Amino acid sequence: MLEGWLGPFVLASLRAATPLIFCALSVVLAERAGVVHIGVEGVMLSGALAGLLGVVYFGDAYLGILLSVLVGMVTGLLLAFITVYLPADQIVTGIVFNLFSLGMTSFVFRLAAENNAAVQALIPGMPAVVLGLSPFMVMAIIFTVFLWWFLFRTGPGLKIRSMGEDAHAAHAAGINIIFTRMIVLTAAAVLSALGGAALTIGWVRSFTDNITLGRGFIALAAAYCGRWNPLLAAVACIIFGAGEALAFRAQAAGTGLNPHYYLMIPYVLTLLVVAVAGKGRAPADVGKPYLRR
Amino acid sequence: MAKQKTGTMLSAFAQRIWDSPVIVPVLSLLLSFLIVSIMAMIFGVSPGAILVALFEGALKGKYAMSSTVKETIPLALCGLAVYLPYRAGFFNIGGQGQLEIGAITAMAVVLYVNGSPAAVMALALLAAVAAGLLASVVPLVLKLKRGANEVTTTIMMNFACIQFVHAMITGPMKDQSAFYGTTEGVPQALRLPEFSLGVNMHIGVFMALLLVVATYWLIRRTSYGVQLKAVGGKPSVAEASGISVSRVITLAVLVGSAFAGLAGGIQALGVTYRVAEGWSKDWGFSGIPIAFLAGNNALAIIPIAFLFAILETGARYMQFMTGVPAALTYVFQGLPVMIFVALNAWRSMKPKKIQR
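Taken in sequence, the protein lines are chains L and U.
If you number the first sequence the way my numbering does, the last residue is 293 and the count never jumps.
If you number the second sequence the way my numbering does, the last residue is 356 and the count never jumps.
Since the hints were derived computationally from the structure, they do not count as laboratory data.
Every value quoted in this text rests on a predicted model; they were computed, and no experiment measured them.
Fair warning: there could be bad hints in the mix.
The calculated DSSO-like cross-link candidates involving lysine-lysine, where the alpha carbons are at most 27 Å apart (straight line), are [what the hints assert, rightly or not]:
hint : chain 1 : residue 1 : chain 2 : residue 2
1    : U       : 229       : U       : 60
2    : U       : 62        : U       : 229
3    : L       : 288       : L       : 159
4    : U       : 229       : L       : 288
5    : U       : 234       : L       : 288
6    : U       : 145       : U       : 281
7    : U       : 234       : U       : 145
8    : U       : 62        : U       : 174
9    : L       : 288       : U       : 145
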């Protein structure tokens with residue numbers, strides 16, 4: 001009885017957690033380097049659409065992922081140019097970038113749908129590769145471990161973290177802040193876009209306006225809950241994914257607790273973690289634009 | 001020689017224009033329009049046709065005009081909800097959550113409290129104000145006591161509030177006869193009084209106008225405004241000069257979030273007459289670009305909110321007439337501010353380069 005219930009539930013939780021993990025990793029990476037990544041929602045949305053269009057037009061899931069990565073790079077460079085190179089306020093830029101992406105993706109989606117009806121149909125799913133896990137789940141696990149190793153066990157990782165703690169000190173130590181932050185933010189945006197692709201190619205297999213529905217912000221919550229540690233952030237994503245799976249279950253069953261209370265879990269949990277931990281362990285320089293002196 | 005002189009005069013003129021405070025907002029609007037025009041042309045529609053359709057849809061005829069005016073109210077109030085706390089260095093992204101929780105609280109009063117219509121209505125709006133205010137207490141306390149960044153916490157409060165409202169309208173407050181999550185409608189007698197000044201309006205118009213002007217006055221003409229400026233500039237200096245920083249921030253945030261809560265109450269009682277799934281537009285989020293485009297002058301919130309209202313109400317008509325997706329309005333909301341902050345940053349970068 002338990003097996004019949006538990007297996008699908010764990011899989012459903014992981015499926016919901018996978019897009020979140022990519023995005024949470026991107027937030028961890030960007031903020032460790034000292035750049036707030038509120039734009040994660042918009043990049044995710046763009047990556048989600050690009051991935052789907054790639055699959056439809058090139059007929060291959062991996063080419064879809066590639067297109068999503070490219071779009072992630074372009075949006076990342078745009079965000080990096082505005083918030084790191086110029087530099088404008090990171091939070092304002094991120095928020096209005098999200099609005100812009102919402103309009104842009106809906107626009108491009110309509111445009112594509114007028115030319116090619118296949119855009120609105122379901123795309124083929126990706127077969128599981130190992131242990132019933134989809135390629136995206138495997139990638140998420142690999143990236144999580146890699147990012148943790150990279151940030152906490154390598155020289156470049158240490159440099160990136162030092163930028164997030166005190167950019168001017170890092171600059172004095174010989175790090176080119178502007179250049180490095182631009183690279184890091186671009187890499188982070190690629191991760192966010194992959195999160196979007198994991199949503200459309202790996203899970204829902206279609207696109208609708210605003211399909212991410214605030215998942216980027218849930219990923220943001222996961223990064224904060226995980227205290228900017230990739231491993232803990234991924235655990236937070238899985239907890240949040242389980243919450244989402246529970247909500248689906250409650251909705252399907254139509255009994256028990258209102259599903260919306262389960263959907264509140266990420267936000268309330270994050271507030272609790274912030275309340276308990278306060279500022280502790282947050283990269284100290286996050287959100288402050290680095291001005292050349 | 002003469003040519004060179006006109007050259008320097010021209011460049012001095014260009015420098016003057018570049019230095020004027022109006023140029024960046026104007027330039028960012030123009031650039032955004034250029035980009036949106038290109039997008040329209042990709043869609044095979046001329047940019048002029050889009051503009052005409054947008055303005056016709058929003059302003060032509062009594063019905064369209066009155067819905068645009070009504071749409072301006074929550075946008076202006078949510079703009080204030082960002083504008084005022086930001087003066088004190090508090091970035092209130094929680095406007096949407098404060099608005100929704102305000103709306104559901106107002107609905108609860110209207111549906112469950114008996115009394116004379118005027119009293120119930122006033123109580124409902126006050127309850128909306130109180131609810132919006134309460135929704136900002138958690139981020140405020142976490143900021144002042146724990147040093148937590150308010151951007152994170154207000155975003156979290158947003159979604160928590162929205163999920164709570166959904167839990168209410170699909171749970172205890174659900175209209176049992178409806179097939180989707182919604183409260184019952186506001187009884188006719190308890191809807192905000194409407195009147196006509198050429199176009200139909202409800203009394204929320206006066207509240208919004210009054211509050212924008214009051215905020216302007218508060219910032220420009222009172223000692224609190226001076227303290228606000230000091231705290232927003234450099235809190236440590238303000239503290240050293242005897243200003244209670246936490247008191248100044250607290251007041252700005254509470255008043256700001258009360259505006260957002262009031263916007264929710266006004267929308268529920270004056271426009272939508274119920275709170276349902278998908279009942280609200282992103283008024284709270286739109287408040288952010290509105291507040292930023294307003295720059296240093298709170299009064300500018302009114303025309304900018306009106307412009308955003310035109311985008312909102314005209315968009316559907318534009319889609320109907322030209323086929324260009326209404327979603328384009330989101331591009332038009334996000335893009336100007338993106339260009340705006342980028343240009344501002346670029347401008348402040350320039351002189352430093354010359355110094356070097």
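Each hint tested on the structure:
Simply put, residue 229 (chain U) and residue 60 (chain U) have alpha-carbon atoms about 41 Å apart, too far for the 27 Å limit, and the pair is violated. Restraint check for residue 62 (chain U) and residue 229 (chain U): the C-alpha separation of about 42 Å exceeds 27 Å, so the hint is violated. A hinted pair counts as satisfied when its Cα atoms are at most 27 Å apart, and residue 288 (chain L) with residue 159 (chain L) qualifies at roughly 17 Å. As the CA atoms of residue 229 (chain U) and residue 288 (chain L) are separated by approximately 20 Å, the hinted pair is consistent with the 27 Å bound.
The hinted pair formed by residue 234 (chain U) and residue 288 (chain L) meets the criterion: a straight-line CA distance of about 14 Å does not exceed 27 Å. Taking the CA atoms of residue 145 (chain U) and residue 281 (chain U), the gap is about 33 Å. The hint is violated against a cut of 27 Å. Of the pairs offered as hints, the one joining residue 234 (chain U) and residue 145 (chain U) holds, with about 19 Å between alpha carbons and a cut-off of 27 Å not exceeded. Taking the CA atoms of residue 62 (chain U) and residue 174 (chain U), the gap is near 34 Å; set against the 27 Å cutoff, the hint is violated.
Restraint check for residue 288 (chain L) and residue 145 (chain U): the C-alpha separation of about 21 Å stays at or below 27 Å, so the hint holds.
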